[in-house]
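*Asks:* Each chain, written out:
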Amino acid sequence: MADTKEFVEADNAEAIITRIEHKSRKIESLLKQFKPVEALKTALEGSPPNTRDERCKSANWLVVHRAIMAIKDVDGMFSSLDPEYYDILMKYLYRGLSTGDRPTCDQCLRIHEKLTEKAGLGCILRALADTANTV
Amino acid sequence: MAAIAVHQLAQCITCHAWSPDHSMIALCPNSNEVHIYKLSQDKWERVHVLQKHDQIVSGIDWSARSNRIVTASHDRNSYVWNQEGPEWVPTLVILRLNRAALCVQWSPRENKFAVGSGAKTVCICYYEQDNNWWVSKLIRKRHDSSVTSVAWHPNDILLATTSTDGKCRVFSTFIKGVDTRDSKAGSSSDSKFGEQIIQLDLSFSWAFGVKWSPSGNTLAYVGHNSMIYFVDDVGPSPLAQNVAFRDLPLRDILFVSEKMVIGVGFDCNPMVFGADERGIWSFVRFLGERKLSFSGSKYGSQFSEAFGKFYGQSKIGASNDGTDPSRSRGVIHENCINCIASLGEVSSSRTTRFSTSGLDGRVVIWDLQNQEDLSQYLC
Numbered sequence: 233m234a235d236t237k238e239f240v241e242a243d244n245a246e247a248i249i250t251r252i253e254h255k256s257r258k259i260e261s262l263l264k265q266f267k268p269v270e271a272l273k274t275a276l277e278g279s280p281p282n283t284r285d286e287r288c289k290s291a292n293w294l295v296v297h298r299a300i301m302a303i304k305d306v307d308g309m310f311s312s313l314d315p316e317y318y319d320i321l322m323k324y325l326y327r328g329l330s331t332g333d334r335p336t337c338d339q340c341l342r343i344h345e346k347l348t349e350k351a352g353l354g355c356i357l358r359a360l361a362d363t364a365n366t367v
Numbered sequence: 237m238a239a240i241a242v243h244q245l246a247q248c249i250t251c252h253a254w255s256p257d258h259s260m261i262a263l264c265p266n267s268n269e270v271h272i273y274k275l276s277q278d279k280w281e282r283v284h285v286l287q288k289h290d291q292i293v294s295g296i297d298w299s300a301r302s303n304r305i306v307t308a309s310h311d312r313n314s315y316v317w318n319q320e321g322p323e324w325v326p327t328l329v330i331l332r333l334n335r336a337a338l339c340v341q342w343s344p345r346e347n348k349f350a351v352g353s354g355a356k357t358v359c360i361c362y363y364e365q366d367n368n369w370w371v372s373k374l375i376r377k378r379h380d381s382s383v384t385s386v387a388w389h390p391n392d393i394l395l396a397t398t399s400t401d402g403k404c405r406v407f408s409t410f411i412k413g414v415d416t417r418d419s420k421a422g423s424s425s426d427s428k429f430g431e432q433i434i435q436l437d438l439s440f441s442w443a444f445g446v447k448w449s450p451s452g453n454t455l456a457y458v459g460h461n462s463m464i465y466f467v468d469d470v471g472p473s474p475l476a477q478n479v480a481f482r483d484l485p486l487r488d489i490l491f492v493s494e495k496m497v498i499g500v501g502f503d504c505n506p507m508v509f510g511a512d513e514r515g516i517w518s519f520v521r522f523l524g525e526r527k528l529s530f531s532g533s534k535y536g537s538q539f540s541e542a543f544g545k546f547y548g549q550s551k552i553g554a555s556n557d558g559t560d561p562s563r564s565r566g567v568i569h570e571n572c573i574n575c576i577a578s579l580g581e582v583s584s585s586r587t588t589r590f591s592t593s594g595l596d597g598r599v600v601i602w603d604l605q606n607q608e609d610l611s612q613y614l615c
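Residue numbers (the working numbering), protein chains in the order written: chain A, 233 to 367; chain B, 237 to 615.
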C-alpha cells in the first residue's frame with residue numbers, strides 16, 4: 233500500500249516538474265515583454281505545488297524567486313496584484329528571507345513591508361500557521 | 237458606543253459565566269478559585285469564593301434553568317456547584333482524565349455537560365439518580381490533539397468540538413436512559429453514543445471557539461491562522477465558507493443572531509461578521525469604534541477622518557497616562573480577549589447584549605442596540 237502511494241507521488245512529481253518548467257518558460261517570455269507583475273502572477277499560479285516532494289518545492293521556489301527579483305516598482309505591483317495572491321506571496325517571502333541571501337532578503341523585506349500594510353497581520357499568521365501547505 | 241460598561245475585576249480572567257438573571261458573574265481570576273460577583277448599587281461586590289480546585293480553572297458554565305455551576309480545571313476534575321441556602325455546595329465529578337480539562341458546557345436541556353480536555357478526549361457527564369453521582373462517559377480516540385472548545389446543538393444530542401489538530405468534529409452524545417429517541421431530532425437521534433457525524437478539515441492550524449447558530453443550522457469555528465469557518469447543512473454534504481481577515485486570530489465566538497457572529501481574540505477588539513441575504517459571510521467591522529479609523533481607509537468608511545481625530549486624541553491621552561501606547565490602541569480591552577458570553581434571554585434566538593473578558597482582567601458589557609449599520613444582521 234505504502235509502495236503504490238510512493239510510486240504515485242513520484243509519478244506526480246514528474247508531472248509537476250514538467251508543469252513548473254513550462255511555467256518558467258512563460259515567465260521568461262513575460263519578463264522579456266516587461267510584464268513583471270504578470271510574471272509573478274504566473275509564478276504564484278498553482279502554488280504551493282500540492283506535494284511533499286522537496287524537489288518540486290525547490291523548483292517552484294526558483295521560478296517564484298526569479299519573478300520576485302524582477303519586481304522593480306513594489307507599489308505599482310500591488311496596484312495590479314489581486315488580493316487572492318497575497319497569502320501565497322507572503323509564504324514565498326518568508327522562504328526568501330530564510331535563504332539568508334542578501335539581495336533576496338532585501339527584496340523580500342521591501343515587498344513584505346508593503347504586503348503587511350495591504351493584507352494585515354492576518355496574512356502573516358496564515359503564512360506562519362500553515363504547516364500542511366508549505367512552499 | 238457599543239461598550240456600555242467596563243469593569244476591572246481581576247488582574248487576568250481566564251473565563252466567566254453569568255447567573256440566570258444576569259445579576260451575578262462567576263469568573264476565574266487566573267487561579268484555582270472561582271469568584272462570584274454581584275452588582276449592588278453600581279458596584280461589583282464579591283459575594284462568594286468557590287475553592288475546591290487545585291489548579292487554574294479553565295472553564296465555567298452556569299446553567300440557566302437549574303441554577304447550577306459547573307467548573308473544569310487543569311487539575312483534571314470538574315465540580316458541579318449547587319446553591320443550598322447561602323452556600324455553594326460542590327459535587328466532585330471524576331472525569332477519568334490524565335490531562336487538564338480545558339473547557340466545559342452545559343447541554344441545552346441541562347441534563348448533561350461536556351468537558352474538552354488535553355487528553356484528546358471529550359467527557360460527556362450525566363447525573364445518575366440511583367447512585368447520586370455524576371458519571372463521565374468518554375469519547376476516546378477521535379481527536380489527535382487537545383480539545384479546545386465544545387458546543388451543544390440545540391437538539392441536546394449533537395456536540396461539536398474543535399481541537400489543536402485543526403479539525404472540527406461533530407459527535408452524537410445519545411445516552412440511553414438520559415436522552416429519549418425523539419422524532420423531532422431527526423436522523424441525528426439514531427446515532428449511538430460517540431459516533432462521529434462529520435469531521436471538518438478546513439483549518440491547517442489550531443482550531444478554537446466552536447458555536448452553533450441559535451437554530452442549529454450553522455456551525456462556526458475559528459482557526460489560529462486568522463480565519464473563521466462557517467458550515468451550513470452539517471451532515472453528509474456540508475457547505476463550508478472560509479473567511480480570512482486581516483488581523484490577529486480569534487479565540488472565541490458568539491452567534492448574536494442567525495446572520496451575525498461576534499469574534500473575540502488576540503486583536504483585543506471584538507470583530508463583527510455578518511451574512512448577507514445570499515448567506516455569504518464576511519467581516520463587517522470592529523466593534524470598538526476607535527480602531528475603525530486605524531483601518532478606515534481599507535474599509536472605505538466615510539467617517540474615517542473624523543474617527544482619525546478621536547484616535548489621535550486617545551493615543552495622546554494614553555501616553556500621558558504612562559501606559560504603553562503601542563498596546564493601548566484606544567480600545568476597551570488591552571489584552572487578548574479569551575471569553576465571550578451572551579446576556580440575552582435563554583429562549584430567544586437573538587441577543588443584543590453580551591460580555592467579554594480577557595487577559596487584562598476586564599469584563600466589558602456590549603450592547604448592539606443603536607448600532608444602525610448592524611441592525612440588518614440582527615433580524
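It is worth saying that the hints were derived from the structure and are not from the lab.
Owing to the predicted nature of the structure, the values given are computational and were not obtained by experimental measurement.
Every residue gets a Cβ at the ideal spot worked out from N, C-alpha and C, and that includes glycine.
Keep in mind that a hint or two might mislead.
[What the hints assert, rightly or not] Here's a subset of chain A near chain B, in silico, CB distances under 7 Å, partners left out: (1) 262; (2) 335; (3) 358; (4) 362.
[Stated by the list, open to error] Taking CB as the label site, the calculated pair distances span: (5) A:294 x B:615: 50 to 60 Å; (6) A:334 x B:514: 24 to 34 Å; (7) B:318 x A:315: 48 to 58 Å; (8) A:353 x B:589: 44 to 54 Å; (9) A:306 x B:275: 53 to 63 Å.
*Asks:* Evaluate each hint against the coordinates.
*Replies:* Hint by hint, here is what the structure shows:
The restraint placing residue 262 of chain A at the interface with chain B is violated, with a minimum CB-CB distance near 28 Å, outside the 7 Å limit. Contact between residue 335 of chain A and chain B, as hinted, is not supported at the beta carbon level, the nearest pair being about 29 Å apart and thus beyond 7 Å. The restraint placing residue 358 of chain A at the interface with chain B holds, with a minimum CB-CB distance near 5 Å, inside the 7 Å limit. For residue 362 of chain A, the suggested interface contact is upheld, since its CB lies about 5 Å from the closest CB of chain B, less than 7 Å.
Range check, residue 294 of chain A to residue 615 of chain B: about 54 Å between beta-carbon atoms, so the 50 to 60 Å window is met. In this structure, residue 334 of chain A and residue 514 of chain B break the distance hint of 24 to 34 Å, their C-beta atoms being roughly 50 Å apart. At roughly 53 Å, the beta-carbon separation of residue 318 of chain B and residue 315 of chain A lies within the given 48 to 58 Å, and the hint holds. Hint check: residue 353 of chain A to residue 589 of chain B, Cβ distance near 29 Å, so the stated range 44 to 54 Å is violated.
Hint check: residue 306 of chain A to residue 275 of chain B, Cβ distance near 54 Å, so the stated range 53 to 63 Å holds.
Comparing the model with each numbered hint stated earlier shows that hints 1, 2, 6 and 8 do not hold.
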